[in-house]
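Here's the letter readout for the chains.
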Amino acid sequence: MSNLALVLTFSLVLLSLALSYKEKLGLEKDMLIASMRAVVQLTIIGFILKFVFALDNLFFTTLILLIMVYNASTVAAKRGKGIEKVSLISFIAILSGLTVTLGGLISFQAIPYEPSQVIPISGMVVGNSMVATSLLFKSLLNNFQNKKDEIEVKLCLGAPPKEASRDLIRDSIKTAMLPTFDSMKTLGIVQLPGMMTGLILAGVAPESAIKYQIMVAFMLSGAVSVSSFVASYWAYRGFFNKLAQLKEL
Amino acid sequence: MNIMECKNIQLIKNDQTILHDISFSIEAGDSICILGPSGSGKSSLFRLLNMLITPNQGEIIYRNKHLQEYAPTELRRKVSYVLQKPYLFGSKVEENLLYPYQLLNQKPNLHEIDNYLTQVNLSTAILQKKNTALSGGEQQRIALIRSLLIKPEIILLDEVTAALDEENTLLLEKLILNEQQNHNIALLFITHNNSQAKRLAKKILYLKAGRMDFFVNATDYFFNTGGNDE
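Quick mapping for you: the protein sequence lines, in order, are chains A and B. Going by the working numbering, the first residue of the first sequence is number 3, and it counts up by one from there. Going by the working numbering, the first residue of the second sequence is number 498, and it counts up by one from there.
In case anyone wonders, no lab produced these hints; they're calculated from the structure. Every residue, glycine too, gets a C-beta built ideally from N, C-alpha and C. Errors might be hidden in some of the hints.
Derived CB-CB ranges, DEER-like [unchecked claim]:
no., chain 1, residue 1, chain 2, residue 2, range
1, B, V713, A, K149, 49 to 59 Å
2, B, H608, A, S185, 49 to 59 Å
3, A, R239, B, N618, 37 to 47 Å
4, B, I509, A, K149, 23 to 33 Å
5, B, L601, A, Q147, 49 to 59 Å
6, A, L90, B, N612, 25 to 35 Å
7, B, D710, A, Q147, 51 to 61 Å
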């Protein structure tokens, strides 16, 4: 794709701006800022990635991954305001999802630990884990607010907090994992996912592109599951005090 | 013999004193009716005894040990609290009546369940019913049996018959009295029903604006007031 062609695609943003202006949506400023940010951020990351790929340094690559996890965990933690140690839980949950899946992919020799492979793959893993962790926090907060009676009835019977919260935890994990599994179910039928589309656009044969996409689908299910489990079984503890009493939310 | 003792309990919530200086004791097989107007702190007192909350001052002693010395799960199995709203969890009745065995790590005793159900005019067919298919009276009977299956020494009943008709109320009372007779459990109950207080109570604890107005024998209370005070 030529640079001119890329510039011409900006006309589609102009179309959005015109529609927003005509319909008085008031989104023009947001649209302009968003498209400018996309250009600036992607340009910067393009140069950073070029530098990191050329450097091919184990420590530096790992540092980039940790920064990605940190940023994602900050976003997810915002959804869990009110949960004790939410920032730490969010960071460890997303990091666990990444470590398990990346560890698996490398040990199965699906990919090597090289920045050009590990960074884009980790981006997908971390992004999906972030969404799952955000949904999980939101669902846990809702459940502990709305199903307080169920928890108290079980506590009254002498159930430990983990047992009293088990159904709520399961419900929250399901909420967190469903989008990933729903999108897995529709792969190839409703959508041609990002990685596969990218590879095909870059000239890779579709039969090779699907191999990568299948790997991505499997690794995302693993990452989302691990992150949801770690986050939920750690976060629920924060809703109780040392005497197994429910804290006020 | 005293099995539980409250000494100078004070409870503060949101800068408001809910209970002031409450002291009384509970004996094995006791039957204490907690009376008092709405908002006088009756349910809060039960929540304290079941360790769902902790007093700001004073102490609660159960079998010569402070409540905090017990694992909360152990204490709550000995001092069981049945709420006014009979919350049944899961989808089927069966899940509720098997839950106590799961908590106690015991094999479910269907004979025991059947025995309790029979006492309150229910059959084992109800186990397969959905919770939502039960009437309020049936739900409350199941909730009470669920608590009794834990085998508590003290049971706290918070207006459990408030929404029930007379027939269901008497069925629940029969079950409670049988349980007291067979297992000598202590009963503490909150009610606004004077006839029920007369039928079940040996002692009356009257709360007024979070303070203990009096703690007397039920016969004295009903003799002096004619039972019309509450």
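(request) Starting from the hint 25 to 35 Å, judge whether the C-beta atoms of A/L90 and B/N612 obey it. (result) violated, 50 Å
(message) Range first: 23 to 33 Å. Now tell me if the beta carbons of B/I509 and A/K149 are that far apart.
(response) holds, 27 Å
(request) Evaluate the given range 51 to 61 Å for the C-beta pair formed by B/D710 and A/Q147. (result) Cβ of B/D710 to Cβ of A/Q147: about 36 Å, so the range 51 to 61 Å is violated.
(message) Verify the CB-CB distance for B/L601 and A/Q147 against the hinted window 49 to 59 Å.
(response) With a Cβ separation near 30 Å, B/L601 and A/Q147 fall outside 49 to 59 Å, so the hint is violated.
(message) Assuming the hint says 49 to 59 Å, is it satisfied by the Cβ distance from B/H608 to A/S185 or not?
(response) holds, 50 Å
(request) State, for the Cβ atoms of B/V713 and A/K149, whether the hinted interval 49 to 59 Å holds or is violated. (result) violated, 40 Å
(request) Could you say whether the range 37 to 47 Å given as a hint is met by the Cβ separation of A/R239 and B/N618? (result) holds, 42 Å
Going down the numbered hints, you'll see the structure goes against 1, 5, 6 and 7, while the others check out.
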